[in-house]
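The task is simple: from the sequences and hints, build the whole structure.
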Amino acid sequence: MSPPRHDAWRSVGWGLFLASSWTWCIGMYLPIILLREWGWRGFWLFAIVNVVGATAVGFLWTRERSREFVERRRSLLRLFSLATISFQAFFVAWMAGSVRHPTLAAAAEALGGAGVSALPAWLGWSFGTASLAALALAGSRGESGWRTLGAIVTLGSLALWWAYGVEGWSRVGEGAAPPGELWLLAPAIALGFLVCPHLDLSFQRVAASGAGPIAWIVFGASFLPMLLFAASAYSPAGAMATGSLVVWWFLQCSFTAMVHARELRASAASSAAPSAAPNAAPNARGSTAMVVVALLVGAIAGSPLLGGESIYLRFLGLYGAIFPAAALLLWRGYRSLGILGYLAVAVPCFEIGFIGRPGEAAGRIAWATLLPLGLLLGLVLAPINNGAGRGARAGAVPLN
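For the sequence shown, the positions run 1 to 400 when my numbering is used.
By construction, these hints were calculated from the structure, which means they are not laboratory data.
No residue lacks a Cβ here, since even glycine has one placed at the ideal position from N, Cα and C.
You may find that some hints are simply not true.
Computed Cβ-Cβ distance ranges for the label pairs, DEER-style [as the list claims (entries may be wrong)]:
| hint | residue 1 | residue 2 | range |
| --- | --- | --- | --- |
| 1 | Trp169 | Arg74 | 38 to 48 Å |
| 2 | Val380 | Phe59 | 16 to 26 Å |
| 3 | Ser336 | Trp169 | 41 to 51 Å |
| 4 | Pro236 | Ile365 | 18 to 28 Å |
This is the structure we're talking about:
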């Protein structure tokens with residue numbers, strides 16, 4: 001029996017919403033780095049595990065499991081949202097201070113070369129501020145308003161891609177890095193994109209809403225073009241920043257930040273017991289304060305003094321090394337001390353594997369990422385003697 005038309009359109013709306021909420025500065029910029037390093041093989045590895053991992057959320061969670069997971073892992077999911085907001089702010093600040101729009105550069109040169117870097121920064125911050133204000137106003141209408149807004153952002157992004165074109169595809173070569181490095185890094189890349197979607201509160205919201213398979217199929221079908229749009233911006237020197245691309249960057253980063261800010265407020269409100277309703281307002285104010293701090297931390301990290309690709313990759317490490325490991329180890333019943341001990345070993349290995357050793361001309365040592373992954377596998381498979389571990393092994397709730 002086919003679903004009622006209203007439910008079908010609701011599912012389509014959720015799918016388009018997810019396509020925008022999951023289009024972060026990862027999907028908009030990491031393809032350019034991967035194409036530079038490993039050509040199309042790097043892009044397609046990333047795209048396949050990303051789309052498959054994110055779409056799988058809709059087929060692995062029921063309403064009840066999703067709600068139980070959010071309740072039990074609320075702190076981890078809130079940290080995930082705060083980090084994501086900070087990451088978007090970093091990217092906006094970094095790009096605003098480094099983007100060179102051809103038309104603006106030509107105008108600046110005509111004025112004697114003054115303001116070549118300041119013009120993009122001023123426009124970027126202005127657009128980002130205006131986008132946040134507009135999104136906050138439009139998104140204040142509840143779930144239907146957010147679904148509609150997400151659909152508009154997704155369809156608008158596709159229109160921007162049509163205006164931008166695919167010229168960058170013709171510039172993609174074999175890549176500057178050895179192909180073997182990609183396959184050594186592949187397990188870490190896959191781990192991040194297979195686990196992290198489950199930690200996204202907006203994904204869990206849609207799962208808990210009971211949206212059917214249509215929503216997740218629409219999401220996958222509309223998210224892949226976002227990654228192809230990012231690949232269209234490739235050039236050996238970096239992204240080809242025309243107006244369409246810059247608008248897309250700031251629009252999507254603003255939307256993602258607003259989605260996670262909303263989820264943080266909703267999570268804070270739902271964490272208060274019904275008898276503690278007076279605490280709802282302080283909880284909401286606390287969430288707002290944390291969002292402001294996250295935005296400031298990201299903006300400072302993306303400032304001209306600090307911002308750069310190495311900082312971008314370190315932010316990325318949160319989603320490749322820290323959050324997936326924390327989720328899996330919590331699921332298996334490990335406590336904070338055990339998780340911190342694992343991260344003390346894992347983080348330096350990922351630093352060496354993805355970024356490289358400080359002061360070393362040899363650059364990254366890709367195989368170093370396999371060491372913490374092997375340790376993580378051993379910890380996950382090891383028997384746990386406490387009750388949490390036995391419950392996790394029974395697998396009642398994924399990652400729970």
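We went through each hint and held it up to the structure:
1. Trp169 x Arg74: 38 to 48 Å: Given about 42 Å between the Cβ atoms, the range holds.
2. Val380 x Phe59: 16 to 26 Å: holds (22 Å)
3. Ser336 x Trp169: 41 to 51 Å: holds (46 Å)
4. Pro236 x Ile365: 18 to 28 Å: Since Pro236 and Ile365 have Cβ atoms about 24 Å apart, the given range 18 to 28 Å holds.
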